[in-house]
Amino acid sequence: MTSEPDLREALLAAVPSLRAFAISLSGQVDRADDLVQDTLLRALSNLHRFERGTNLNAWLFTILRNLFHSEYRKRRREVEDPDGSYAGRLKVHPEQGSRLDFEDFRSALAQLPPDQREALLLVGASGFSYEEAAQICGCAVGTIKSRVNRARLRLASLLNVDDVEDLGPDSMTRAALQG
Amino acid sequence: MTGDKGNKLARVIPEGSLSDKLATNPKLDSTSQRRIGDQLRAMYDELMQQPVPDRFKELLDQLDKGSQDKAKNNGNDLEGAK
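Sequences listed follow chains A and B, in order. Going by the working numbering, the letters in the first sequence line up with residues 978 to 1156, in that order. Going by the working numbering, the letters in the second sequence line up with residues 53 to 134, in that order.
If you are wondering where the hints come from, they were derived from the structure by calculation, not from laboratory data. By construction, the Cβ of each residue, glycine as well, lies at the ideal position given by its N, Cα and C atoms. A hint or two may mislead.
Said to hold, decoys possible - Have a look at the derived ranges for each label pair, beta carbon to beta carbon: (1) A/1048 x B/105: 36 to 46 Å; (2) A/1028 x B/81: 35 to 45 Å; (3) A/987 x B/81: 17 to 27 Å; (4) B/82 x A/1025: 40 to 50 Å; (5) A/1008 x B/109: 15 to 25 Å; (6) B/97 x A/1011: 22 to 32 Å; (7) A/987 x B/107: 24 to 34 Å.
Stated by the list, open to error - What the simulated footprint calls covered on chain A by chain B, stretch by stretch (three residues with Cβ under 8 Å from a Cβ of chain B suffice, anywhere in the stretch; the number is not a length): (8) 994-1000; (9) 1003-1016; (10) 1028-1035; (11) 1089-1096.
My request is simple: use the sequences and hints to build the entire structure.
Given below as structure tokens:
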């Protein structure tokens, strides 16, 4: 099997971006670190499936993203109102991994549907192309573009609640209904 | 950043000014998009700067020791990894 220092270094180098993605996606540092650990374990035991020369980060993000969603679906069955509980948890722990500066932003991010949140994080922060993000999420490129657009729009309205004249309830509702 | 709540962060380009297939969606102007993008990356960069917890270094040390058995045992459900 492969026990190369190179690979260890590559995986270790990927950890900060995996953590940043997991924390932003889940809103919880503890849960995010568990996700990253599970991702690394799964990657280690599936190394034979990884095609050398392809994008290791994209492969790792795919694993993490799938783990997050299977867990999310599980929780959704157990707990109703997952979005509300998510937002609530985030407000309780704004100090984890973030300065106060980002509290508003993180809380707005938490209110996005998970699909939109992950699309925005992949394209807007993690540095993936729309095509790579589509591969990671297993959907069409147009779907990613649409999710990113809706995510930005919703964030803008959430972060700008005092200035609603240009973005009234009608366009908000319309945007929401087009999910 | 948190101080400018009153600013025009979100101006929406009217429908019909877009020619792509998302034309029925309102779309942010480029200034608002950039400001959101800047905040997102600033938040993300801060997370990226955090030191890597020891648990991950220890986990990956298993790779150097060639002891992948533990990793295999812990990562049983292989099908989720594509």
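Going down the list of hints, with the structure as the test:
| no. | hint | verdict |
| --- | --- | --- |
| 1 | A/1048 x B/105: 36 to 46 Å | violated, 20 Å |
| 2 | A/1028 x B/81: 35 to 45 Å | holds, 41 Å |
| 3 | A/987 x B/81: 17 to 27 Å | violated, 40 Å |
| 4 | B/82 x A/1025: 40 to 50 Å | holds, 45 Å |
| 5 | A/1008 x B/109: 15 to 25 Å | holds, 20 Å |
| 6 | B/97 x A/1011: 22 to 32 Å | holds, 23 Å |
| 7 | A/987 x B/107: 24 to 34 Å | violated, 18 Å |
| 8 | 994-1000 | holds (count 4) |
| 9 | 1003-1016 | holds (count 4) |
| 10 | 1028-1035 | violated (count 0) |
| 11 | 1089-1096 | violated (count 0) |
When the structure is compared with the earlier hints, violations turn up for hints 1, 3, 7, 10, 11 and for no others.
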